[in-house]
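J.: Protein chains in written order, with the working numbering: chain V, 1 to 284; chain H, 1 to 201; chain X, 1 to 784.
Incorrect hints may appear among the rest.
Unchecked claim - Footprint (simulated), chain X over chain H, 3 or more residues, beta carbon under 8 Å: (1) 16–28; (2) 136–143; (3) 155–164.
What the hints assert, rightly or not - Pulled from the structure, derived: some chain H residues nowhere near chain X, Cβ distances all over 10 Å: (4) Arg-71; (5) Glu-76; (6) Gly-89; (7) Glu-105; (8) Gly-111; (9) Glu-173; (10) Ala-183; (11) Arg-185; (12) Asp-188.
Please keep in mind that the hints were generated in silico from the structure rather than gathered at the bench.
Note that CB positions come from ideal geometry on N, CA and C, so glycine has one too.
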Amino acid sequence: MKARSLVAFTVLGQTAVGLFWAQAMAGWAVSGGDAWLRGPLLLAGALMLAAGLAALLHLGTPRNAWRALGNLRTSWLSREVALGGAFIVGWAVTVLARGARSPALAAGASVLTALAGAGLVYAMARVYRLRTVPAWDTRLTTASFFLTAASSGALAAAFALGSATSSTGGTQAAGVVRALVAVGVVALAVELGAEAAWRARRRAAHELVDAGLNPHADSDRVARWRVGLLGAGLLSSALLWLGAAGVAPVSVSRAGVTLAFLIVIAAGVVGRDRFYANYARRGL
Amino acid sequence: MTRWAFHFDASACSGCKACQVACKDRQGSPLGVRWRRVYEVTGGGWTRRGAAWEQDVFAYHLSVACNHCERPICLEVCPTGAITQRDDGVVLLDAGRCMGCRYCEWACPYGAPQYEADAGHMTKCDFCVDELDRGRPPTCVAACPLRALDFGDAAELEARYGPAAVHPLPEREVTRPALYLTAPRGADGAGRVANREEVRG
Amino acid sequence: MKRPSVVGATTSSERIVRVGCPAHNCGGRCLLQAHVRDGVITRLETDDRPDAVADPQLRACTRGRAYLRRQYHPDRLRWPLRRVGRRGEGRFERISWDEALDLLADEIRRVRDTWGNGALFVPYGTGSYNQTNGSQTARRLLNLYGGCLGIWNSYSWGAINVATPTVYGTLETGNQRQDWLNSKYILMWSWNPAEMRDGTNSDWFVKLARERGARVVCVDPRMSMSAVALADEWVPIRPGTDVAMMSAMAHVMITEGLHDDAFVRTHCMGFDDTQMPAGCEGAESYRDHILGARDGVPKTPRWAEPITGVPAETIARIAREYATTKPAMLYQGYGMQRRAYGEQAVRAACVLAAITGNVGVPGGWAGGLALQAPDGGPFWNLFPAGDNPVGAAIPVFLWTEAVLRGRELGAADGVVLDGSVPDGRTVRDSGGVGGEVAPDPDRRLPSDIKLIWAVASNALVNQHANINRTAKILADESRVEFIAVQDNFLTPTGRFADLVLPACTQFETWGVEDGWKYGDEVLLMPPLVPPLGESRSDYAICAGVAERLGIGDAYTEGRDERGWVAWALDRYRATRFPDLPSLDALAAGNRGVHSRPVGTPAVAFVDFREDPERHPLPTPSGKIEIFSKQLHDMDDPEIPAVPKYQQEWESPFGPEAAAYPLQAIGHHTMARVHSTHANNDWLAEAFPQRAFLNELDARERGIRDGDEVRVFNDRGAIVIPCRVTNRIMPGVVDVPQGAWWSPDEKGVDRGGSVNVLTSERWTPLAHGTAQHTVMVQVEREAGS
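Let the sequences and hints guide you as you build the complete structure.
T.: Right under this line is the structure:
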């Protein structure tokens with residue numbers, strides 16, 4: 001299926017969660033103030049709000065969206081909405097608490113927001129674990145959603161830090177950026193490996209659905225774009241890390257980080273677009 | 001308490017779609033919305049043997065609306081609670097509560113929930129509950145010129161026709177549909193739906 | 001068109017009226033329950049009386065259920081139109097009824113005065129035909145005005161109408177359908193009642209027969225809806241080769257001694273040389289032909305295999321099954337006789353029924369047209385067109401010849417000129433070929449056709465063969481000087497009108513109908529809502545013209561539409577329905593239908609079977625004429641005295657197959673009733689117009705399911721999407737008939753009307769349509 005707003009929703013939302021985790025961990029890892037993490041923190045919220053807007057765009061009757069909390073008993077979509085709301089509320093409290101210089105409150109809110117974010121990514125994945133949609137009903141889905149959060153979130157944080165003026169920073173900020181890029185490299189490597197698993201899953205799933213209603217699109221061809229972009233993202237991130245470590249003659253410029261970030265986001269969008277395109281139902 | 005179910009005789013359906021159209025007339029459904037759909041399933045092929053053609057072609061139809069399942073996956077996944085189930089098994093979709101996320105459409109293995117683009121929400125077969133409540137048959141059942149559709153108590157229909165599904169309907173356990181079938185003649189499980197453009201989009 | 005989904009007891013402003021479904025040429029006569037509120041029909045339900053074999057529910061088909069999309073279609077004609085621009089451009093301006101009726105009356109008068117009554121013509125049309133709507137209303141008018149050029153026979157049943165009496169002397173060769181339940185073997189040959197209907201419930205009766213143990217076999221180039229729903233076996237056969245298979249079946253029966261020789265001795269004539277008619281003792285008998293005694297070609301299954309594409313073992317097996325299962329039906333449908341030598345297919349099927357002794361026995365079937373015993377079945381239309389003083393009638397299919405060269409047409413062209421012509425569209429017991437009076441070979445029609453008044457007919461353009469040819473003929477205003485078209489919509493025929501008259505639908509005026517070919521019911525059709533816009537019933541339009549021609553009183557006889565319905569009911573009561581209540585009682589009772597339950601179903605030829613001497617057939621010999629002396633005396637190799645397979649003039653075996661290797665057929669689709677409902681969006685959604693092509697043929701041409709394809713021959717081209725399927729024989733493409741011709745700027749039809757491809761050549765005996773005899777090529781359309 002074509003589901004552009006949902007591609008945007010899931011990629012933006014998972015990036016926002018990953019970005020929040022990244023800035024939270026950076027804050028815990030680095031002593032001193034966290035004013036230098038203000039940019040990434042705000043960006044996380046902005047991305048999540050944009051995700052929510054994209055989700056609303058998907059709806060046929062957005063004015064009924066408030067009813068989406070109406071079936072927490074059995075619906076993972078209801079739960080996703082609840083957790084998304086919790087994340088936004090927690091993020092807002094974190095922002096306000098930091099602004100009001102209440103470190104205890106900020107820390108508590110940050111932890112709860114991070115947990116809500118994890119729950120949100122998990123709930124997003126569970127939404128797609130439909131027993132009637134074999135191409136989606138796999139732990140690969142859950143893994144992929146978390147991997148998106150990790151890779152896109154890490155690179156987003158690196159991008160945001162690279163763009164932010166660092167008052168406290170200097171080598172600490174640089175060190176954090178290096179660590180983030182390393183996380184991105186690892187996550188991207190895992191995602192590359194997962195592509196082989198996805199290919200096998202697509203083939204297996206196609207055996208379980210009616211071929212007349214679900215003509216097998218040549219998604220292997222587009223999957224190569226995904227692999228290519230992942231590879232490019234992995235390569236550029238690795239180069240940056242090596243440059244930051246002083247091993248490679250590459251400077252960690254703002255442009256370099258931005259480019260790596262954009263490639264990783266593109267890989268995420270392409271991968272998610274393919275995910276939706278692989279939709280096929282058992283039965284009719 | 002009666003649990004309502006459909007019986008469909010796949011050995012007697014011509015694919016004429018009187019059921020589909022009668023339902024549309026009752027509901028005023030717009031183009032693209034089919035509360036009942038008729039799927040053509042075919043298989044087999046042709047081989048030349050000298051000057052003659054040999055074939056093992058088979059074909060049958062499946063007329064499917066909503067199966068008012070015992071484990072309705074649509075109800076499980078709907079976030080707004082727009083989908084509910086009566087004690088007699090009928091699954092109802094309240095369009096007024098629906099936000100048009102189409103999640104039920106993704107989930108249902110029978111294609112029952114239909115998205116009304118102009119209205120922005122889902123609708124689906126309601127077993128003609130107002131007819132049922134007056135002791136009359138659903139419109140599709142009353143329409144079929146070959147009398148291939150019937151309805152009644154699920155337990156009675158299961159005792160008479162057995163629980164088996166017909167390819168490519170999913171196994172009963174997936175959602176436990178209130179649908180019992182007479183199998184078509186001469187079909188093996190290798191058919192595929194041949195009229196996609198007539199049942200989707 | 002959304003309506004509230006809660007349907008409960010009617011509100012005080014809503015009523016439910018039981019009414020016959022509008023009488024198109026759909027093959028059914030069914031009952032609807034129309035919900036009417038505030039002058040609008042909001043919903044249609046169907047018959048809910050108790051369902052019984054003797055008196056079954058008359059459930060409406062898919063088209064009846066979709067009817068409101070036609071009734072309220074935005075393109076309904078609402079007021080009269082006059083042409084602007086050239087004829088065929090399809091540009092019109094609105095005029096008043098006075099102007100319109102004045103114009104039509106003036107033109108009728110002018111043409112009559114200039115060219116004579118024989119130049120006036122009401123073409124064949126079955127868009128509606130049940131008393132006050134339909135072409136019979138215009139025919140009556142012209143017959144009262146000195147007459148017009150009449151027509152005889154039909155597009156549907158050209159060959160079978162003429163060929164059936166050559167075997168049985170009558171068209172009443174069928175049993176009431178409840179008798180089918182007595183049959184043990186039903187060979188559905190070119191018959192698709194589940195889709196084209198052939199009488200409401202015919203498919204259901206076959207289903208019931210199956211449930212009682214009958215084996216059902218479908219012989220058809222397509223695995224039709226009927227084959228899927230009703231048959232135990234599908235035998236695909238090359239179109240136009242049915243007689244080859246039937247001959248081979250006869251060969252098996254004769255050589256294996258499986259035919260009913262006793263019955264042949266006592267009831268048939270011409271089977272072998274011991275029973276040839278006087279004067280034909282030395283002619284070739286049926287047995288001679290089948291065994292190849294004269295032509296050296298025994299008509300064995302092995303001989304038939306390369307012709308038909310049916311494996312020889314299958315032909316032999318079907319022959320044995322049909323011959324040895326008692327009683328058995330070989331039901332011949334109509335597609336196989338709407339072809340080059342369709343008369344042979346009819347005769348061959350009748351002969352097989354005769355030599356297996358399946359005539360005059362319950363569960364058997366004599367074949368042929370099979371109007372229903374004991375009284376010929378439904379009337380369809382009773383409205384009296386009256387006698388035609390012109391005394392000339394052309395075969396319906398030859399009207400373009402009458403435009404181009406009417407004054408050359410005579411008896412050799414099938415023209416009936418004996419002073420008293422059959423009424424209207426069909427032949428009923430006309431005595432078969434030629435009638436009582438020997439035709440004068442020198443007489444000709446008095447004139448070419450100069451004025452056409454098409455009522456409820458799209459047969460002028462869309463349904464006649466070779467549309468591009470017809471379009472050229474009609475565009476020439478020096479030939480047909482005036483064309484009036486009367487219809488609910490501006491059809492392809494309407495494009496060529498000089499005057500367009502808006503007719504109301506059957507829901508908007510009085511009517512009454514009985515069955516379609518079969519059936520024992522009368523269905524009342526009271527008007528439900530007022531006519532849309534300024535539309536009027538065909539009857540009212542004609543009455544308006546009659547006034548202006550000075551024959552108003554003679555035309556109406558003082559009756560309005562309701563009055564004519566009452567008149568029709570009197571006819572029904574005096575003949576088939578003695579218990580029929582009055583119109584007032586029927587209308588007040590709101591039952592919609594009056595039925596005559598069938599107890600023991602009537603079987604044709606029971607008396608003849610019991611005592612052929614005391615109850616001879618109305619044939620020259622009094623027996624079943626396997627050999628026809630009448631045909632023999634015609635001395636025409638295309639009209640043999642015994643049924644023979646003949647290669648068609650467009651066939652896969654001729655030189656034309658080099659450029660055009662595929663046979664095209666156009667089956668009668670559930671999506672339409674001929675061309676009625678072509679603009680019905682719910683029906684188009686259910687059955688989009690496609691060219692159906694076998695997987696092997698598609699693959700060879702690089703065509704995938706859904707690709708646009710060009711289907712073409714020398715006569716024209718259509719471009720529509722392709723449905724690749726295995727439910728059709730390789731070598732055959734099906735373009736369901738009735739789609740509206742929609743030529744683009746290059747003249748390529750994008751609507752998919754199969755008649756762009758068909759030929760105007762007619763059958764040798766009946767001068768009937770051979771529209772299914774077509775060779776084409778199919779190619780993937782570039783850019784698709």
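J.: If a hint holds in the structure, say so; if it doesn't, say that too.
T.: Going down the list of hints, with the structure as the test:
no. : hint    : in the structure
1   : 16–28   : holds (count 11)
2   : 136–143 : holds (count 4)
3   : 155–164 : violated (count 0)
4   : Arg-71  : holds, 26 Å
5   : Glu-76  : holds, 25 Å
6   : Gly-89  : holds, 19 Å
7   : Glu-105 : holds, 19 Å
8   : Gly-111 : holds, 15 Å
9   : Glu-173 : holds, 29 Å
10  : Ala-183 : holds, 14 Å
11  : Arg-185 : violated, 7 Å
12  : Asp-188 : holds, 14 Å
Taken one by one, the earlier hints fail for this structure at numbers 3 and 11, listed in ascending order.
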